[in-house]
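K.L.:
Position chain B relative to chain A; hints supplied.
Number of protein chains: 2
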Amino acid sequence: MDSGGFKTPVEDRYFEDYVPGSVHEFGMITIQEEGIIAFGKQFDPQIFHTDPEGAKSTIYGGLIASGWHTASLMMRECVRYYLPRVASLGSPGVDELRWNLPVRPGDILTVRMTILEATRSRSKPDRGIVESLFEVLNQDRKVAMSAKGVNFISCRSPKPSEPVS
Amino acid sequence: MDSGGFKTPVEDRYFEDYVPGSVHEFGMITIQEEGIIAFGKQFDPQIFHTDPEGAKSTIYGGLIASGWHTASLMMRECVRYYLPRVASLGSPGVDELRWNLPVRPGDILTVRMTILEATRSRSKPDRGIVESLFEVLNQDRKVAMSAKGVNFISCRSPKPSEPVS
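Listed in order, the protein sequences are those of chains A and B.
If you read the first sequence in the numbering used here, its first letter stands for residue 1, the second for the next number, and so on.
If you read the second sequence in the numbering used here, its first letter stands for residue 166, the second for the next number, and so on.
It is worth saying that the hints were derived from the structure and are not from the lab.
Treat each hint with caution, since some may be false.
As the list claims (entries may be wrong) - Lysine-lysine pairs mimicking DSS-like chemistry, simulated, CA-CA at most 30 Å apart:
#, chain 1, residue 1, chain 2, residue 2
1, B, Lys307, A, Lys41
2, B, Lys206, A, Lys148
3, B, Lys221, B, Lys206
4, B, Lys206, A, Lys41
5, A, Lys142, B, Lys307
6, A, Lys7, A, Lys148
Unchecked claim - Simulated restraints, written as ranges between beta carbons of each label pair:
#, chain 1, residue 1, chain 2, residue 2, range
7, A, Lys124, B, Ser322, 54 to 60 Å
8, A, Val19, B, Arg250, 46 to 52 Å
9, A, Val19, B, Glu261, 23 to 29 Å
Think of the CB as a built atom: it goes at the ideal place given N, C-alpha and C, for glycine as much as any other residue.
So that you can see chain A by itself, here it is in the shape it has in the complex:
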């Protein structure tokens, strides 16, 4: 499996592998009408997510993916390529989630993660906090969705080798 631009595969990835300033691009999501409608019917039954004909007369001019569908597909790729397999300790949330461009049937999406900060916890030095810029790019290399997210990640070396912040 592609290691998403990291030196270590997800199976052996820890806090120390998340280097601020590094950029990781991975995944290839081909989004199809069938998947857009299935997600829309289950979770976001607005006409522009569920009905290709009805969607034509909306402001979007056709079917688009629910923003939560795009976010969930991004998450899938992050689990495959970005987050550590055993060292992931979850996330408290995301900020500035933006749906910049509609995602339409046939779009091909990739995920680009930029590591903004990586800070070892002062109170629990066996783990750290990684802040990332998440971007979903379409086939035109335009940002269709973006967010800033925080992940808690276990350290490979429980004892820090340098002063902690």
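P.N.:
Chain B in isolation, oriented as in the chain A frame:
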């Protein structure tokens, strides 16, 4: 259908119906192990979302819903009870999305929306911008998830009756 604490049903709801300071609570989501695993396998295949046995040895001590699953379920209830059926013009995004508490099998969730601001557009006075605090409450009335979101909504009266901001 319950109108979610509004005077108007979703079919006849417009920007003017979103009154700052008003609180709307609606929906009842019973979240089950089967649904958590299905969503997890499709979009967030971390062990604490997909494997009830394996999840026991994680920091969560058992299966929990993907945060994106909780968000998507919240969206479903918002489409049913909160957003206008014909006047919804989409959303640019959300801020401060927080997963405050794990959501576990058997939890019963409701959605509470507080309208923070409602501003008629100056440049396009046929529509307005509604900012809401989204909260997902569990059966103990604790906030399991929260976010602040913005929705663009068409006005019932294209011409404002008072000075626009």
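K.L.:
Need the status of pair A/Lys7, A/Lys148: alpha-carbon distance at most 30 Å?
P.N.:
holds, 23 Å
K.L.:
Decide if the proposed pair is consistent with the structure: B/Lys206 and A/Lys41, CA atoms, cutoff 30 Å inclusive.
P.N.:
holds, 19 Å
K.L.:
Taking 46 to 52 Å as the stated bounds, is the beta-carbon spacing between A/Val19 and B/Arg250 within them?
P.N.:
Hint holds: Cβ distance 48 Å, inside 46 to 52 Å.
K.L.:
Would you mind confirming whether the straight-line C-alpha gap from B/Lys221 to B/Lys206 stays at or under 30 Å?
P.N.:
holds, 17 Å
K.L.:
Keeping to a limit of 30 Å between CA atoms, is the pair of A/Lys142 and B/Lys307 held or broken?
P.N.:
violated, 39 Å
K.L.:
If you draw a straight line from the CA of B/Lys307 to the CA of A/Lys41, is it 30 Å or shorter?
P.N.:
Between B/Lys307 and A/Lys41 the Cα gap is close to 28 Å, so the pair holds against 30 Å.
K.L.:
Starting from B/Lys206, check that the Cα of A/Lys148 is at most 30 Å away, please.
P.N.:
Distance of about 24 Å is within 30 Å: holds.
K.L.:
Are A/Val19 and B/Glu261 spaced within 23 to 29 Å by their CB atoms?
P.N.:
Hint holds: Cβ distance 27 Å, inside 23 to 29 Å.
K.L.:
Between A/Lys124 and B/Ser322, does the beta-carbon spacing fit 54 to 60 Å?
P.N.:
For A/Lys124 and B/Ser322 the Cβ distance comes to about 56 Å; the hint holds.
Hint 5 from the list above is the single one not met by this structure.
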